[in-house]
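In case you want the letters, here they are:
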Amino acid sequence: MTTAEAVPETALDRRRTDDVLLEVENLRVYYDTDAGQVKAVDDVSFTLRRGERMGLVGESGSGKTTMAMALMRLHKPPAVIAGGTVTLDGVKLLDLNDEEMRQTRLRDIALVPQGAMNSLNPVYRVRDQIVDGIKHHTPKGEMPGKEVVNERVYELLNSVGLDGNVADMYPHELSGGMKQRVALAVATSLRPKMILADEPTSALDVVVQRQIMLTLEQLQQEMQASVLLVGHDMGLMAQFADVLGVMYAGHLVEFAPIAEIFEDPKHPYTKKLISSLPDIQVKGTFTGIEGLPPTLVVPPPGCRFHPRCPIYNDDEDFRGEFVDLRGSLDTGLCTTVDPPLKEMEPRRWVACHLYEGDA
Amino acid sequence: MPWNYILSRVAMFFVTIFIASTIVFFLPRISGQNPLEEKLLEEAARGGFLEDTDEMVAAFDEKYGFNDPLWEQYVKFMVDIVQFDLGRSIFNWPKTVNQLLAETIMWTLALGLLTLVFAFVIGSLMGAVLEWKRQKTFLMVLLSPVLTLSAVPYYLFGLVLLLAFSFVWSIFPLFGGYSRGIAGWPDWSNWSFIGNVLWHATLPALSVVLVSLGGWAMGMRGMMVTTKGEDYMLQAEAKGLPDRVMFLRYGIRNALLPQLTGLALQLGLIVSGLVLVEVVFSYPGVGGLLVQAIPRSDHAVIQGIVFVLALGTALATLILDLIYPLVDARIKYSQG
Ligand SMILES: Nc1ncnc2c1ncn2[C@@H]1O[C@H](COP(=O)(O)OP(=O)(O)OP(=O)(O)O)[C@@H](O)[C@H]1O
Ligand code: SF4
Ligand SMILES: [Mg+2]
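Sequence order for the protein chains is A and B.
Going by the working numbering, the first residue of the first sequence is number 1, and it counts up by one from there.
Going by the working numbering, the first residue of the second sequence is number 360, and it counts up by one from there.
Pulled out of the complex, with its shape left as it was, chain A reads as follows (with noise of 0.2 Å):
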């Protein structure tokens, strides 16, 4: 365990840590449906490192929130984890029994929900709804006294810009803001080492998304957290990670510190996606790419990527920028046989046929 006192504070330095919080091993989440099998998350690795803050970006049904929820144990029928391991601080999550998981949901990994205007239960306080989550964390018999535990639903309230009589109301007296803070206050209630929130401004204008990030941020400063951050917004991506996840029909694709994604892509999908953005200053949300993703029942021989991909279709606009890699590549490779994800550098993964590595 690091203490507080010896956890680096900026990005930099939390990349030099060599401190993994969550370790992902091949991790396969498939839809078991009449169709066949959904492989909507297939084989998929990367390491985070505490405090780290990794985000997580790909087109829509690439399979994040599959992964995200499986993380979680969160998945439901017909989704079922296939393989792999998932490792939270040294505790393999996918061996434990329900109970410890239950036991472990919120104590170590919290989940923000989608800034969708329903996650909290319409019948009960939001002073019931924070205090919950702590009662069935806490032994029996060991729960402090009334007076004590609104003193924390307040300290928490007050800790995501929350005034503390938002306490009694209900959530359809809130603003999707303020139901969006309180969702942020019960994720920390237990302070986990570990936060997932999955498009947690989605829902919610411009101006309330930049608050809300930035209470987040604040949280995982003072707690010390890793954070999993999946959305479209490379521009909010940029601002907020210190690492980033591409995700391409239910692959990793790519992973690495989010600078080097930014100056130097090295997947085709990836590269594709940041000259698609509107500028260099990143201001742009994610719209993605032309042409289909495929499907994840049957997906495309080989590379997932080579019927979009512009090297392999030697697209002329990307002819120059990989003209020296292309020359090397065995383009017989791509619609044969799946890159697997290497890593060409420390902490600089790549799954494409392009580059050589350490699988």
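It should be emphasised that the hints constitute simulated quantities derived from the structure, not laboratory data.
All C-beta atoms in this analysis are idealised placements derived from N, C-alpha and C, irrespective of residue type, glycine included.
Hints are supplied without guarantee of correctness; some may be wrong.
[What the hints assert, rightly or not] To spell it out: a stretch of chain B is covered by chain A in this simulated footprint if at least three of its residues, at any positions, have a beta carbon under 8 Å from a beta carbon of chain A; those stretches are: (1) 361 to 375; (2) 454 to 461; (3) 583 to 592.
[Stated by the list, open to error] Pulled a few chain A residues facing chain B out of the computed Cβ check, cut under 8 Å: (4) N118; (5) K140; (6) V186.
Place chain B with the ligands on chain A using the hints.
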């Protein structure tokens, strides 16, 4: 709770009652039957001969104001209603409708309320657990017969029960609310009398409960499906709440709200729902009374019962309106 909300609901209640009373007043007058004539004809048929029936009818009509202008009759009727004076039965002369109702209504209410509560609680729980567990439990095995039953009318299933358990096997009595001809009965302080009443009530109650179980179960199951898919359910699980808490405080608590509306509506229908069951089991309730009164055009009795039914429904609605905002904070006490 704001006063204007309560006042508007109470006003609504009185308006409903007023309209219901008016309809109750006019309906028999539209039917064109004269209850006195019917009564006298019946007597005549029984006694063999009666002279001057027309004159007698005219005399009665005069005495009870049936020849007065309609509006005078209406005003008098409404004044009586306000004082809860529902008139006299012609066929059970000289008993008042109030007396007849007093003799019967408790039987109906007791049977109706008990069966409603039982069916509601058991059915709702069954539906909730079925959806929550999603496994093949013994409940799953129970479901299909319960659903089949819910398509059968109470009285028909009652007849089957009666045939099986009273006629063939003689486990339960064939008819009545309690055994007749025992000195000192009915005596509600006597435990063996109460036992006897329960014994008589078992089959009628069973026929209602078993038949209505499926409806509650399916309603609850449907609501539970919706509730399970809500974001707050996922959030509850992400919060690390135990399954039991999620089931009760997140699942049932939310799925129950629409069920409560159904419950209140059913409250108003207790009496009418039981009419035929009471006939099948010769149960001493309001239903039996109504079935006697209708073919004889005993208007005062019919009017009295219909009025009480309307009163019951309006009262149930009023109570629901007043308590619903307490159960569901989203419903505001707004006027209208
Ligand atoms: N219940 C389900 N049954 C079958 N397939 C599913 C189910 N839920 C998701 N999928 C499939 O799994 C794949 C990944 O879905 P997922 O929701 O994880 O994508 P995502 O990256 O989060 O997309 P978005 O950006 O739209 O949120 C999709 O192809 C989707 O069609
Ligand atoms: S492996 Fe081939 S098809 Fe796939 S991204 Fe690399 S170059 Fe393109
Ligand atoms: Mg998603």
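Requested in this report: Would you check whether V186(A) satisfies its interface hint, that is, whether its CB is within less than 8 Å of any CB in chain B?
Outcome: holds, 6 Å
Report task. Please count how many residues of the stretch 454 to 461 of chain B have a CB within 8 Å of a CB from chain A and say whether that reaches 3. Result -> With 0 residues closer than 8 Å to chain A, the stretch 454 to 461 of chain B misses the three-residue bar; violated.
Query raised in the report: Does the nearest C-beta of chain B fall within a distance shorter than 8 Å of the C-beta of N118(A)?
Result: holds, 4 Å
Requested in this report: Apply the coverage criterion to the stretch 361 to 375 of chain B and chain A: a residue qualifies when its Cβ sits closer than 8 Å to a Cβ of the chain, and three qualifying residues are needed.
Outcome: Since 0 is below three, the answer is violated.
**Report entry** Given coverage of the stretch 583 to 592 of chain B by chain A, tested with a Cβ cutoff of 8 Å and a minimum of 3 residues
**Finding:** It holds: at least three residues are needed, and the stretch 583 to 592 of chain B offers 3 whose Cβ sits within less than 8 Å of chain A.
**Report entry** Closest C-beta approach of K140(A) to chain B relative to 8 Å, hint status
**Finding:** violated, 12 Å
In this structure, the earlier hints numbered 1, 2 and 5 are contradicted, and the remaining ones agree with it.
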